[in-house]
Amino acid sequence: MVGLVQQEWSERLSAIRLDIRKIVEGIRTGLHRSFRRGASAVFVDHRDYTPGDDPRLIDWRASARKEGLVIKRLEQESELELHLWLDASASMAFGEGAQEKARFAATLLAVFATLAQSQGDAVALTRFDEGVLEELPPRSSLSHLRLIEENLAKPPARGARTRLSVLGSKVNTSKRTTKRRGLIILASDLLDLDPHALDGLKAWTKGGFEFWVFQILHREEIELPGNGPFRFEGLEGEPPVEADPAEIRSAYQRELQAHLERQRNQLVEMGAFLRLVCTDENIVDIVLQHLFFVKGALARFGGHRRWA
Amino acid sequence: MGIASPLALLAALLIALPIAAHILRRRDLPSRILPTVAFLERAITHKRRRIRLVDILILILRMGVVILAAIGMAEPFMVGASRYGEEALALAIVIDDSASMAQLIDFSQKRSALDEAVARAIKIIESLPQGSEIAIVAAGAPPRLILPRTKDIKLGKGALLSIQPGARRNAIGAAIKMAERQLGGASLSERRILLLSDQSSDESIPTPSFPVELEKVIGSGYSPNIGIVETQLVSPDSPNSPWLMTLDVRGSGFSSQVKASLRILSEDLPSHPTILEKEFTLLDGSSSLHLSFHPPKGIRKIAINIETPEDRLPMDNRRVLPLEASPQLSVLFVEGSTRRSARFAIRALEAASGSAHTFLPLLVDADRLPSFLADYRSRENSFPQVIVVSGFFAPSPESISVLEQALEEGSGLLVAPEASASRDAVEAWARWLPARPVALLPAPSHPSLTLEPTSHLFFRSGPTGLEGIRISSYFELVPLSDSALIPLRIDGDHPFLVFDPSSRRAVLSVGLDDRLSDFPIQPGFLPLLVNLVLKLAPPEVLPAHPISSGDLITLPLPATVKNVEIQTPSGLVFERNPGPSGLDLSDLAEPGIYELRFADSKKKRIGRLVVVPPPEEIDLSPRLSLPRSAPTTSKASNQSTTSLPLSPLFFFLSGLFAIAEGWLRLRDAFPLFQKMLRRRPHAKSITSKVLG
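Protein chains in written order, with the numbering used here: chain A, 1031 to 1338; chain B, 2 to 693.
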């Protein structure tokens, strides 16, 4: 195993559970509230029995008062279906060691996967760049978690561009595997300058998925340090640019900031949560801060209010 | 504007470096990976024009840094801009060329203080604004006008280079007065005097009329020096007896006792064999040596050399003396009254003996004059060289006879009246005098003595020492001879002294005692009397003791002598024509023995004269100061030139360019710059904002 998640993180992560603000739709019984009515203690209503229903759900007393069999509908505690989307484009191969954007994103997603698997939730993975590279269905087994980690650890492809629109088209191609609602966590640098790149993601949020976006950037990308002229080269086939960081820094940061704000506005508009993280930050801190934040939001808004 | 180190301008070729860097940096840039390069491209699109301008500006600044630094290294200077401004002025340069200015300030290059002063003066006149006038005066005695006031300042350099060190006293005060006279007729309103001196003078400088700038030409610190003050040589009584010599040596500027060596050399022989060698120690800065030696046969000149380490002034370490008996100048005072009126004059000559002349004062009462002169004539084979009569007495026929004989044989005569003289006695003396005493008149309440042009025969320029004289009454003198000179007058009208240089006879309007005036107790009494006696002495009488340039030495000569051949110590021979009062020798500055050759009606004569550096010039410590009441005086300065160095300015500008270049390059890198310029939010704030 690649060992993305370190053992010492487990103790800190055990203090909190992966929770979401929306009601999930899972198959198996889990920790999360579900639209499915099932074997919980919370009664909802009755309906007529149809062949194939679990006979254990027949409310015999109610059936006696009625002409036919009725089934007692109970609120069911369902498992979470966690979809991990990893940007494997070439731009994610920037940085050294643990601060490489791709490794940082993979580790971040691995932490969430580990957390979900420990709660018995199913975890799915999609790696993409200009198209979908790998797609693992949601499973909650430990062996599946290992498989997910192995795929997370794969290096980004050289020269492959970031194309976020592929995630929107994935609604149709992956309809079978993603027909249930759940949580989508996207780890990407979002370096897709197409202004409509995020439009396709609306389908996911409208479909009832909780959508968390972690925008991964290296600090050099934000601050553009250095002095003296350089020939800057991109990783996704962009033409090289000669510039002196000292001279161009302000203008560059204005452009970057405008791009980030535009994406933030789009994501917030569609009900997603965006957090920009720098690769020199502590991953566990990021996860804990985020989960505590979600838990606080659930407590305040009952899990049915929009974030924005 | 000039450049001291033109070769340093080659450093300007380094300008190729920033140009090459500017060209090459676009070709061979280090490569950097940046995933967000697309935003960089967008930013550059907006800033490209501005960046290009900034690039050119940076290139210009870098080139400026190199060029300005190269110019700075070339040591440019602006001549004269800071010292006398841009407006033309009349500048009198007074250069001290007294003996002390021969002190060495650079042993290795044998560079003297006078060399330094001349070099500075040349730079100063080269830096003067257009239209300026210069005059150059040498301040060693006697003060000399080297270059009269002229607008042709190019003449100044040649005039300055003609100044040579000599055995001169200081005459800075008189030189400044001479410079003032030169500036007096200048058409320019801005007039200044620049005095270049080592300041080793005790002279009291009168308050100048124009601003005087005093510039010291030697460095700080003591200037050790040892010099010969006086020598007394006694000839042997018999051929086998030794010569005796007393040598006074003085040192100054030494921190402790000084050991020195003495050598007496034979100056006549080419090999200069050593006659005597001796080591001695200067205690308390001076030493008196008593020596005896046997010079080789036929030697007529010896040289005395003293040496000690660190000695700055070699000129006063050597003295050349003739080995011959010193003649004395005999002066006979005839006491014409019972009041002992000649005693002041006798004391004055005794005091003056031993410096430049040896006087042998003799005194006789008027009634014993015939027998005294007859005895003196028979004993010395001549009459006293000068006869001074104090008080008109009625001469007896014998006195008249013997006086006529003495005057005929060349004796000089000075007569000073006395109040109680009878009219007949006065008339009796009038036959020998250049002026007739007419009557005793009461003096004005506050009389003053007026100097006539011929007064320079008796007085140095400057105060005469007779300014405060008080006269109760005086004899009205009527000149009888056309050749009679009247150097001094009472209130500009009545003769105070009448002197005939051709007959060498003189008469005063007051007595030699203090009855008619306080003349004998005035400071100017002694120099006037000494010079008067010297003028009255027969022509062949030369000073027996060494003299210095500036001493009032005039050799009285018969009218038949038209020129005198003078051979200098270095062997040069020149001729000089005697003036009405005799041959002026006060400007002989080369130390050593001078030979004077002339022929009168009877025979050829040869005289010798020794010129030595004046003893007061041995002390090299700077002590001269200008009077506080001078219009403006600058403090002593070690500035060697008048040029204003521009290197600091160019280095400063180069630094400014470098700062500007750095600011242009780094202003986006440091938030402080942006904050100062109220620019948009800086990088940190953007990062913080984006990261939440």
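Hints were generated in silico from the structure; no laboratory data involved. Fair warning: there could be bad hints in the mix.
[What the hints assert, rightly or not] Simulated DEER-style distance windows between Cβ atoms:
#, chain 1, residue 1, chain 2, residue 2, range
1, A, G1258, B, K155, 27 to 35 angstroms
2, B, L650, A, G1258, 28 to 36 angstroms
3, B, G663, A, P1269, 44 to 52 angstroms
4, B, L8, A, G1267, 54 to 62 angstroms
5, A, E1272, B, G220, 26 to 34 angstroms
[Said to hold, decoys possible] Computed, partial: chain A to chain B, Cβ under 8 angstroms:
#, residue
6, Y1079
7, E1126
8, G1127
9, E1251
10, N1257
11, F1262
12, G1264
13, A1273
14, E1277
15, N1295
16, V1298
17, E1299
18, M1300
19, G1301
20, F1303
The beta-carbon is built from N, C-alpha and C at its ideal position, and this holds for glycine as well.
Results for each hint:
Look at G1258 (chain A) against K155 (chain B): about 57 angstroms separates their beta carbons, and that is not inside 27 to 35 angstroms. Distance hint check for L650 (chain B) and G1258 (chain A): the Cβ-Cβ separation is about 31 angstroms, which falls inside the suggested range of 28 to 36 angstroms. With their beta carbons about 31 angstroms apart, G663 (chain B) and P1269 (chain A) fall outside the hinted range of 44 to 52 angstroms. Checking the proposed 54 to 62 angstroms range against L8 (chain B) and G1267 (chain A) shows it holds: the Cβ atoms sit about 56 angstroms from each other.
For the hinted restraint 26 to 34 angstroms between E1272 (chain A) and G220 (chain B), the CB-CB distance of approximately 60 angstroms leaves it violated. Hint status for Y1079 (chain A): violated, given a least beta-carbon distance of 53 angstroms to chain B, over 8 angstroms. Residue-level restraint check for E1126 (chain A) is violated (minimum Cβ-Cβ distance to chain B is 11 angstroms; threshold 8 angstroms). Using the Cβ-Cβ criterion of 8 angstroms, the hint placing G1127 (chain A) at the interface with chain B is not satisfied: the shortest such distance is roughly 15 angstroms.
Given hint, E1251 (chain A) at the interface with chain B, holds; its Cβ is 5 angstroms from that chain's nearest Cβ, closer than 8 angstroms. With 8 angstroms as the threshold, the beta carbon of N1257 (chain A) comes within range of chain B, its nearest partner Cβ sitting at about 6 angstroms, so the hint holds. At its closest, the beta carbon of F1262 (chain A) sits 5 angstroms from a beta carbon of chain B; the interface hint therefore holds under the 8 angstroms criterion. Using the Cβ-Cβ criterion of 8 angstroms, the hint placing G1264 (chain A) at the interface with chain B is satisfied: the shortest such distance is roughly 4 angstroms.
Taking 8 angstroms as the C-beta contact cut-off toward chain B, the hint placing A1273 (chain A) at the interface holds, the least distance being around 6 angstroms. Hint on E1277 (chain A) holds. Least Cβ distance to chain B is approximately 6 angstroms, under the 8 angstroms limit. The beta carbon of N1295 (chain A) is not positioned within 8 angstroms of any beta carbon in chain B (closest approach about 14 angstroms), and the interface hint is therefore violated. Taking 8 angstroms as the C-beta contact cut-off toward chain B, the hint placing V1298 (chain A) at the interface is violated, the least distance being around 13 angstroms.
Restraint check, E1299 (chain A) versus chain B: the minimum CB separation of about 18 angstroms is more than 8 angstroms; hint violated. For M1300 (chain A), the shortest C-beta to C-beta distance to chain B is roughly 19 angstroms, which exceeds 8 angstroms, and the interface hint is violated. Interface hint at G1301 (chain A): violated, since its Cβ lies 19 angstroms from the closest Cβ of chain B, which is beyond the 8 angstroms cut-off. For the restraint placing F1303 (chain A) at the interface with chain B, the shortest Cβ-Cβ distance is roughly 12 angstroms, beyond the 8 angstroms limit, so the hint is violated.
Violation of the numbered hints given earlier is confined to hints 1, 3, 5, 6, 7, 8, 15, 16, 17, 18, 19 and 20; the remaining hints are satisfied by the structure.
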